[in-house]
Amino acid sequence: MRKNRDNLKSPEHELRIFRVRALLAVVLVFALTGLLMGRLAYLQVVQHDVYSTRSEKNRVRVEPLPPTRGLIYDRNGALLAENRPTYNLTLVRERVEDLDATLALLVDLLELPDEEAAAFRVRSRQRQRPFQPALLMSDLDEDQIARVSVNRHLLPGVEVEAQLLRYYPDAEVMTHALGYVGRINAEEMATLDTGRYAGTHFIGKTGVERFYEEELHGQAGLRKVETNARGRVLRELGRTDPVPGQHLTLTLDKQMQKLAYELMDGRRGSIVAIQPQTGEILAMVSAPGFDSNQFVTGIDVASYRGLQEDLDLPLYNRAIRGHYPPGSTIKPFLALAGLAEGVITPDRTINDPGFYQLPNDSRRYRNWLRWGHGRVDMERSIAVSNNTYYYSLAHDLGIDRIHDNMSAFGFGQRVGHDVFGESTALMPSRDWKRGRFNQPWYPGETLSVGIGQGYWQVTPLQLATATAVLANRGEWVKPRLASHIGDAPLPERVPETPPDIMIPNDTWWDRIFSGMEKVMTGSEGTARRTGVGLEYRMGGKSGTAQVFSLGQDQKYNAEELAERLRDHALFMAFAPLEDPQIAVSVIVENAGGGSTHAAHLARAMTDTWLLRDREPDVEELREAMEDDDGRVAGN
Amino acid sequence: MGLMIDLSRALRPYPVRAPASGISRRRSLWERLHLDPWLLGMLLVLMAAGLVVLYSASGQRLEAVIAQGIRFGVAFAVMFFLAQLTPATLLRWALPVYVLGVLLLVAVELVGDVGMGAQRWLVIPGVIRFQPSELMKLAVPLMVAAYLSRQELPPRLRDIAVCLVLIAVPVVLIAKQPDLGTSLLVTSAAVFVVLLAGLSWRFITALAVIAAAALPLLWANLHNYQRQRVLTFLDPNSDPLGSGWNIIQSTTAIGSGGVFGKGWLQGTQSQLEFLPERHTDFIVAVLGEEFGLVGIIAILLLYLLIISRGLWLAVGAQDTFGRLVAGSIILTFFIYVFVNVGMVSGILPVVGVPLPLVSYGGTSSVTLMAGFGILMAIHAHRRLLPR
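Chains as they are written, first to last, in the numbering used here: chain A, 23 to 657; chain B, 9 to 395.
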C-alpha cells in the first residue's frame, strides 16, 4: 500500500494506468461497434425479406371496391329498385384531437337533441381496427352536409362519406313482390364468399332481391393504395374494377301492381295476376304493405315493433304465404278431375233437393240455397256454385283421387319458379291426416274438401297459377317474376315444370269455360253484377271461405271481432275466354259480402290489362261494391 | 470533513508554468487556432452527412436543414471559444461551474418549465430557454477529473466515495425530471473519468455486483413509462400500437433497407410517416432504410475514426486532468452512438439519446461540440508545457 505517499503525484505511473485503460476502452468500443454492425447485418441481410414484406404491408393497403347493385325494372322499363347516393357522417378516432369538443360541435352544427350527443359518443367508440371510420349518423340531408363541410377545418377526422343505398320508389306497393335488401348479419356473413362481398354491407333478404342476389350483386373489385401512417391514401398503385350487378327486368307491370294495391286499399288480402301462356306474373300484391326503405337504412326498434304488432300484419306476405280455404273457387278444377277420372260427363245431371246425404248417414250436407237448385248439370253447377253437385262428385272421386288431381294443378305445392319464401299451403290426404293427427280419413271430410273447405288451404299464388293452367287448357307454366337478366331473356320454359293436365275430350275444356262464363254473364251467375257491360268474354268463379277460429292470444274489441269473423271473399278469373291473356286470383279477408267484393276487383284487373286505354275509376268501383254488399247471395 | 478538504484542494491553481515565450518553432495555422484539423475535418464530414439524411428524415423540409445548419454554426462557435481556453482555466472553473449547475438543477426542480412531459427547461422569459442537465454532461466529468487529478492515483476508497457523491447529486436531480437519457450520459461521463483514473478491478467487480443487486430497487423507482419501455423492449409485439410501435417500425425500416437501401428520399417507412421521431432519436432508421447496411456501416466507421482520433488526443494530453477529461468526453460520445443505434435497432430499450451530430436538435449538438472544444483545448495547449 502506498498510504504514506499521500499527495505525492507520479505522472509516469498515472500515464501508464491511463494508457492501459484507454487501450481497454478502444477494444471495448470496437467490440460494441462490432455488435451493432452484427445486429444491423442481421436485420438488413438475414431478416431482409421479413422486414421488406412488413414494410410493404405497412405501405400498401388493399381496399375493396364494392360493385353497384343491379337495378330492377318492371316489364315496361319503369324503375322499381334503384341505388341512391346517401351521405353518412363518419369519424376516425385516431385523427380526432379532442373527441368531446368535436362531438359537441357536431351536435351543435347539426342542431341535434342532446341525447344524440351521448349516442354519438357510444358510436365513436365502436371501432374494429385503428384508423377505421366509425359511423356516427347515416343519411344526412343537404343542409347538414353543407354545415359539416363549411366547418371541416374545425373537425379533423370527421368525414362525410358517400354511399349508394338501395331505394324503392314505390316501396309500399312493390315490397311483397320485390323483397328488400338489409344489412348483412352475422349468420349470413358466415356463409358468404367474403371476396365477392368485400366492402358490401347489404344483401337481398326476401323476394326478388333475395332470389336473384347472385346476379344483382356482381363482383367486388379492389384497389391497391399507398397510405401513410395516418391511413390517408396517397396514391393508387393498381386496381381491379368491380363488376357491377346485372340489371333485372321483371314481368311485373307497375301500373297493374299499383292498381291492385289501390283496389285493396283499407283491406287485407291479396291479388295475383298471371299471363297464362308465359307464366309471367303481372301483379302480386299483399295488402297492407309497408315501407321497405326503412329496412335498408336500419329500422328503429319502435317502428319495427309497430309493424310486428299491427293487427293487419303488414309484414306478412299473403300472396305467397297466406293460407286460405279456397271455397267454391276450386269447383271448376274438381269438375275437371271428375271428367278426367270418368266420374262425371258434362251433360250428366243430378237432382239437388237442397242438401246431400251420405249413404247410411242421416246428416244433411246443405247447399247454400236452402230449397236447392233442382236439376243441375256441370256448367250450371259452376254458374250457380251448387254445393250438392260437388258433395256428390267428391264422394264419387274419393279423397285420394281428389288429392292427386288437385296436386296436378299445383295445390299443396310450391308453384313459383323464382318466388322466394313461398309456402306449400295444404292439400289434405289420408297420409297427411294420419301423419298429422294419427286419425283415419272420414267420408264427411271428403265432402268438405269438395266445396273447398275443411283442411284444404291455398295461397293466392297457387290459386292464380291453377287458374292460368286451366286457361291454358291444361298446359303448365310456372309463374315467374323475372324476364331478363341484363339484356338476356330468361328461357321461357323453366325446369321442373309439372306435367300438363289431360282430359279424355278436349272440347270439355270449352264446357268448363262456358260454365265459368255463365258465372259472369249467365242469368243465374253468382258474379252476374260484375259481368255487366263486359267488352270481352270472361270466365270466373267466386268463393267464400269461412273464418273459423282466432288465435288465443289475439285481443279484439267487439266491433273488430265482428269484422274479423266475417268470411273471406275469393274470386278467380281469366279473360278473354278464347285467347286468355290474364288469369287473376283475388282474396279479400273478412269482406263478408260473398262473391261481389272479390269479383269486382278481378274485373278491374282484367279490364285494365285487356282494355289498356281505359283507366278504371277506383272510387266508382268502390261505390258499386258497397251497393252490392249482401244483395247477391251465393258463394 | 474530508470532503471539504479535498474540494478545497481541487480549487487550488493548476501548476502551470508560464508559456515559454520566444520559442522559435513556427506554429501552423491550426496550432494558432488551437484546433485539430483531423478531428475537425471528420466532424464536418459527419455533420454534412447528417444534414443529407436530415433533409429526407424531416419530410424534405429545407427549413429544418437550414435550422440545423444554423445550430451547427452556433455549436462551432462554442467549440472554437472553448478550444481557446487553457486546461488551467478549465480546472479553475470546474468547481464553480459544477456548483452553479447543481443550483440550476435545483431551480429546475422548483420552477422549471414542463416540456414533453418532463421538467427539464429553465426559462428566463424572452432571454433564454436552457436545460441545466446539458451543462452537467460536461461539468460533472470536469469536476470529477479536477478532484481526482489532485489525488494520488489510482483512487483510494475515500476518493471513490467523494466521486460517488459528486456524481450522485446531479444525476439524482436529473433522473427526477425525469430524463433517463441524460442521467445515463452524465453518469457514464463521470464513471469514465473514474475508470480511466485507474479504479482497481476489485472495485469495478464489486460495483458491478452492487449494481446487479440494485436492479430490483432501480426497477421499483422507475416511472411507469420507463418500465413500459423496458417491457416493450423485451417484447415489442406486446403493445404494437402503443409503445411497441416505435421499435417495430424502426426495425422494419432498417431491415427493409437491405444492403444498399431504397435510395435517398425513397424510404417508404420514413417518407410515409410510419417511423415516429424519424428526424430526431430515430434518424438512424431513415439512414438504414434509404442507404442500407452500407450507409450505416459508413457512418459507424466515421464515428469509430472520430473516437479513435479523440482517444489518441487524450493519450497525448499533457497531464492527468487533461487525459481524464478528454478520455471521458470521447468515450461518452461513443455511448451516444452505441445507445442510440442500439435502441433503434432493437437491442437496447428506448432511452432518449440522440445520434450525435446527426439527429435534429440544437442542445445536444452544442453540448457535443463544446466537448470537442474542450478536447481540442487540452490537445492544443499541451506544447505550451515543455516536458
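Heads up, some of the hints might be wrong.
Below, a sample of chain A positions facing chain B; criterion: calculated Cβ distance under 8 Å [what the hints assert, rightly or not]:
#: 1; residue: Glu36
#: 2; residue: Val67
#: 3; residue: Arg83
#: 4; residue: Ser505
The set of hints was computed from the structure by calculation and includes no laboratory data.
No experiment lies behind these values; they were computed from the predicted model shown.
Think of the CB as a built atom: it goes at the ideal place given N, C-alpha and C, for glycine as much as any other residue.
Going through the hints against the structure:
1. Because the closest C-beta pair between A/Glu36 and chain B is about 5 Å apart, less than 8 Å, the hint holds.
2. The interface hint given for A/Val67 holds, since its Cβ lies 6 Å from the closest Cβ of chain B, which is under the 8 Å cut-off.
3. Evaluation of the A/Arg83 hint against chain B yields a violated restraint, the C-beta minimum of about 11 Å exceeding 8 Å.
4. For A/Ser505, the interface hint is violated, since its Cβ never comes within 8 Å of a Cβ in chain B; the closest pair sits about 52 Å apart.
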